[in-house]
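Engineer: Sequence:
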Amino acid sequence: MTLGVQKTIQKTSAGADTKSGDNGPVAIPEDFTVDKDARYTGSVIDFNKWRGFGHIAMDQKGVVPGDKVFIHWKNIQTDDRFPRLQQGLQVEFGLVVSQEWRGWNKVRSLKAKTLTLPGGGMVNIQDAMDAESMSFVGAQNFRYTGTVKFFDQFRNFGWVVIDDGFALDEPVPKEIKVEGEELNTAGKPLRMRIDKLAIEFGIVKSKKGDSYMAYNVTLPGGAPITQEAMEHRKEEGGQRYTGTVQWWQRWQGWGHIVPDDDQILPSAVQEKLEMAVTQAAAKGKADGKPPEKLLYFRKDDCEWTLRPELGKKVSFTVYVDDKGAGAKDVMPVD
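Here the UniProt record's numbering is used: the first residue of the sequence shown is 1, the next is one more, and so on.
These are computed hints drawn from the structure, not numbers from a lab. Computed from a prediction, not measured in an experiment: that's the story for all the values here. Treat the hints loosely; a few may be bogus.
Below, simulated EDC-like cross-link-like pairs (lysine to aspartate or glutamate); rule was C-alpha separation at most 16 Å, straight line [what the hints assert, rightly or not]:
#, residue 1, residue 2
1, K205, E175
2, K293, E274
3, K196, E175
4, K328, E228
5, K68, E92
6, K299, E228
7, K328, E235
8, K74, D301
9, K188, D80
10, K106, E30
11, K188, D329
12, K207, E132
Start from the sequences, fold in the hints, and give me the full structure.
Structural biologist: Below, the structure is given as structure tokens:
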């Protein structure tokens, strides 16, 4: 999901929450509690694709007020490039109580979390919905290669240059438009420039049949266009470690974690940390203190309930990439 699309969704959905109790999460009393580990089932009442939220009718009656619960697109477990739900879809989910501002008042509200298909499957429905509504050049699974000529994240569109050598049955021009919702970013906001990026994609015709656009744009081989993929991230096992937030840049959404001393990190991670310390020592620090071994982390790598702050104790898994060593799946330590 591109930055422009995400901003549109966040702006409109936030407006709905503050202006209309019918659209936003239901306010709940201070003594209302939920089982944070329980899973429930239900069916989708509605979901606004462009506003990024909807509602679910719960099968378990009497658990929540009105027997329906709010769902935000960020809580949908999906590989679709544009997270969405379809009316009547059967789903499974947990419940979470959160605090939010409505005007000048801070209220407790109830939302669905970790929404999946019944049994835990990913909610991957976009391809089936596209097959019913789009006209493809070749077929839906036909893939072409090319390069992003440019992409404007704020206007949420760009142009793709198709590689030479494809025998097309239709008069597709060398350069075609790409809309932001057709960038397959694994449901994450696009935070880097992709001009001149090598890609693969399908091609669709407009409803009038007089223009063509790129469809389901990925990296060559089909991998989503994510910062992790472009930086060649490699996860180093699933073991969890602990540490303390040493630095957090709130506005830019990144920071550093100091791992606790009483644990042994994977060798690949240790090598990257040693390399970073050596490079930092060569540059020198104004305060004269020796550089620390720090794991980089981003807001996107945090559990959504975590609010990073200096001195916060956290647990995490680790990875290495082109830039060094980092932490992911970061969550608070109770």
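Engineer: Now tell me if each hint is right for this structure.
Structural biologist: Now for the hints, and whether the structure bears them out:
Restraint check: the Cα-Cα separation between K205 and E175 comes to about 14 Å, which is no more than 16 Å; the hinted pair holds. For the hint pairing K293 with E274, the CA-to-CA distance comes to about 7 Å; that is within 16 Å, so the pair holds. For a cut-off of 16 Å, the pair hint linking K196 to E175 stands: about 13 Å separates their Cα positions. Under the criterion of a C-alpha separation no larger than 16 Å, the hint pairing K328 with E228 is consistent with the structure, at around 11 Å.
The straight-line distance between the Cα atoms of K68 and E92 is roughly 13 Å, inside the 16 Å bound, and the hint therefore holds. As the CA atoms of K299 and E228 are separated by approximately 13 Å, the hinted pair is consistent with the 16 Å bound. The hinted pair formed by K328 and E235 meets the criterion: a straight-line CA distance of about 9 Å does not exceed 16 Å. Between K74 and D301 the CA atoms are separated by roughly 13 Å; this keeps the pair inside 16 Å, and the hint holds.
Taking the CA atoms of K188 and D80, the gap is near 10 Å; set against the 16 Å cutoff, the hint holds. A C-alpha spacing of about 11 Å is found between K106 and E30, which places the hinted pair at or below 16 Å, so the restraint holds. Note on K188 and D329: the hinted pairing holds, with a Cα-Cα distance of about 15 Å set against a maximum of 16 Å. Straight-line distance between C-alpha atoms of K207 and E132 comes to about 13 Å, which keeps the hinted pair within the 16 Å bound.
Violated hints: none; the structure is consistent with every hint.
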